[in-house]
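Protein sequence lines, in the order shown, are assigned to chains A and B.
Residues 1 to 280 (this note's numbering) are what the first sequence spells out, left to right.
Residues 1001 to 1303 (this note's numbering) are what the second sequence spells out, left to right.
The set of hints was computed from the structure by calculation and includes no laboratory data.
Be a bit skeptical, because a hint or two may be false.
Unchecked claim - Output of the computed footprint for chain A on chain B, the stretches with three or more beta carbons under 8 angstroms from beta carbons of chain A:
1) 1069–1080
2) 1095–1106
3) 1135–1148
4) 1162–1170
Claimed, not checked - In silico SDA-like pairs for lysine to any residue, Cα to Cα no more than 20 angstroms straight-line:
5) A:43 <-> B:1156
6) A:234 <-> A:69
7) B:1016 <-> A:92
8) A:234 <-> B:1136
9) B:1109 <-> A:110
Using N, Cα and C, we set each Cβ at its ideal position, and we do this for glycine too.
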Amino acid sequence: MSLFDTAAPLVSGAVVALTCALVLVPLAFMAGASLMPAMDIMKMPYRWIPETWKPANFLRALAGNDGAWMYLRNILNSVIVSTSIAVSTVVLSSLVGYGLAKFEFRGRNAVFMAIMGTMMIPFETVMIPLYLIIVKAGMQNSYAGLIVPFLMNAFGVFIMRQYLITFPGDMLDAARIDGCSEPRIFWDIVFRNSGPAAATLAVLSFRQQWDNLLWPLLVAQEEKMKTIPAYIVKFAAEKHADEGAMMAVAVIASLPVFVLFFTLSKYFLGGSAVYQAGKE
Amino acid sequence: MKSRQSMGRLERNRSKWGWLFVAPGLVFFSVFSFYPMLNAIWTSFFNKRLLSLKRPNFIGLQNYVRVLGSEDFWNSARATATFTVGVFVPLFIMSLLFAALITSMKRGKRLAQAALYSPAVLSSVVAALIWLLMLDPRGLANQFVNWISRTPGIDHRWLSDSVMVQVSTMIVYVWKYLGYFTILFVTGIGKIPDSVNEAAVMDGAGPIRCFFSITLPLLRPTTVLVSVMILIQCMKTFSTQYLFTQGGAPLGPINVITLNIYNTAMRDLNIGKASVMSTILFLFMMGLTWVQLRVSRRDEAEL
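Turn these sequences into a full structure, and let the hints guide you.
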């Protein structure tokens, strides 16, 4: 073995380890700073372990600079909106995906291509017309307004169709012979058995909405209808915002997704990655 | 005879159910994708203003002339292009490099991937907020750079200098998405059969030679896909720039196209002009997504 053969793995291992450490620095900073007084966060030289602890940052984060406790309400909004969208995306996408995968009818390909075509439409392009629709329907500052434009997406239809194409047709025919109605076949047999694809899609949709800033910024101008990202921007831009409290706000916003990530990491890293082309 | 008749009925019945199942999709995408898209193009020919009761007039291509003749638009085009290139080059090279390094590791592969991926778990706004504090004049970024370059006390003006603030937004993005694209490359490299590499090693090729002569050419479907995905992501960037400007950074250097559309519509209430920019963005994205769809379908066919 040459020197190169022994040294190379060591060097590449060291490079990877060093980069991983560097990548984690901002996360450590967020966690540490969320427990520090603002003065210490901007201190030179920076101390990684807080000298004085200030858990009260979290109270300030939740109560807000005005003491209205709006963050609690905004977190609840994010949970409601993201969960509803995740559920509806999975149900509606499998419904449509099932129709496209397992039924033959004239124009099926055209329908499929049309739906796939919507992937080419960036959300940023349609957001203003969408906003005007929501205004016309009187759904500003409501959950409906936050949820309805995202009830499903082309990417979801695509995943579910690809998954259901391989679904055994014999099983469906057997159920039909037994006199099972089509809606029941969908619900009891197809939907119940689309676990992995449905879970991937649910996690993905939930995350996308948890992250969504632009749309709530447009339709939810009332404080009490804001979601987490909009609250963060507002909190950070306020005049007397405390840096420690800002990081506490960030930690609170990140905990649920980290929990999701660690419990469902295979759905995060698996199929989720490759075809992500839908709405942001 | 009878059975054929019932077959025909069965088929008709099946096709009816097929339509019923796809109907929600047709309705949804018509109302929330196709109509708004056509509406955006339509509106770009009118002098429409938000919250105005006045009937908008058809003004032909005037909005286009105005937008394409305004410095503001070209500044946004420049900001978006700079950002896209500035993120693309380091992100592409680094994620490919780390994917190659991680695949060659014997232990700790999963740990390294999880560590690199962890920023991608955060919301974009949270990511931008963390960096907003670290890039503060008194913050960690200055201390770190000064410690490395042995230049104590220098403020690098991360958020106030017009060049540096662009670099800062790029750093946030590369940091956030490095792990994500590394994992895509790791998956792509994993699909290359081991036997190909083993044969090359037997023939006396070193690891670097193997990478450039074998891995890279065979990885082509993934490299194209990742390239397009990075480009699309970058052209749609909004949260980072929005939070930075809200936090006091100058708007001009980082006024990317999405931010400009948002401000033109919601602050200046000029929907006609915003629609022109939306339509231009759509044309660019359509081209890119088309490439992506073609590549991913071919990719799938190869599997």
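Are residue 43 (chain A) and residue 1156 (chain B) close enough, with their CA atoms no more than 20 angstroms apart? holds, 17 angstroms
Holds or violated: residue 1109 (chain B) with residue 110 (chain A), Cα cutoff 20 angstroms? Measuring from Cα to Cα gives roughly 44 angstroms; hence the hint is violated.
Within 8 angstroms of chain A (C-beta), three or more residues of the region 1069–1080 of chain B: The restraint on the region 1069–1080 of chain B is violated, since only 0 of its residues have a Cβ under 8 angstroms from chain A and three are required.
Within the assertion that chain A covers the region 1162–1170 of chain B, do at least three residues meet a Cβ-to-Cβ distance smaller than 8 angstroms? violated (count 0)
Quickly compare the C-alpha distance for residue 1016 (chain B) and residue 92 (chain A) to 20 angstroms and report which way the hint goes. With a Cα-Cα distance of about 18 angstroms, the restraint between residue 1016 (chain B) and residue 92 (chain A) holds, given a limit of 20 angstroms.
Would the pair residue 234 (chain A) and residue 1136 (chain B) pass a check requiring their Cα atoms to be no farther apart than 20 angstroms? holds, 18 angstroms
Between the region 1095–1106 of chain B and chain A, see if three or more residues pass the 8 angstroms beta-carbon test, and mark the coverage as holds or violated. It holds: at least three residues are needed, and the region 1095–1106 of chain B offers 6 whose Cβ sits within less than 8 angstroms of chain A.
Does residue 69 (chain A) sit within 20 angstroms of residue 234 (chain A), going by the straight-line distance between their CA atoms? holds, 14 angstroms
Are there three or more residues in the region 1135–1148 of chain B whose C-beta lies within less than 8 angstroms of some C-beta in chain A? With 5 residues closer than 8 angstroms to chain A, the region 1135–1148 of chain B meets the three-residue bar; holds.
Of the numbered hints given earlier, the model fails hints 1, 4 and 9; all others are met.
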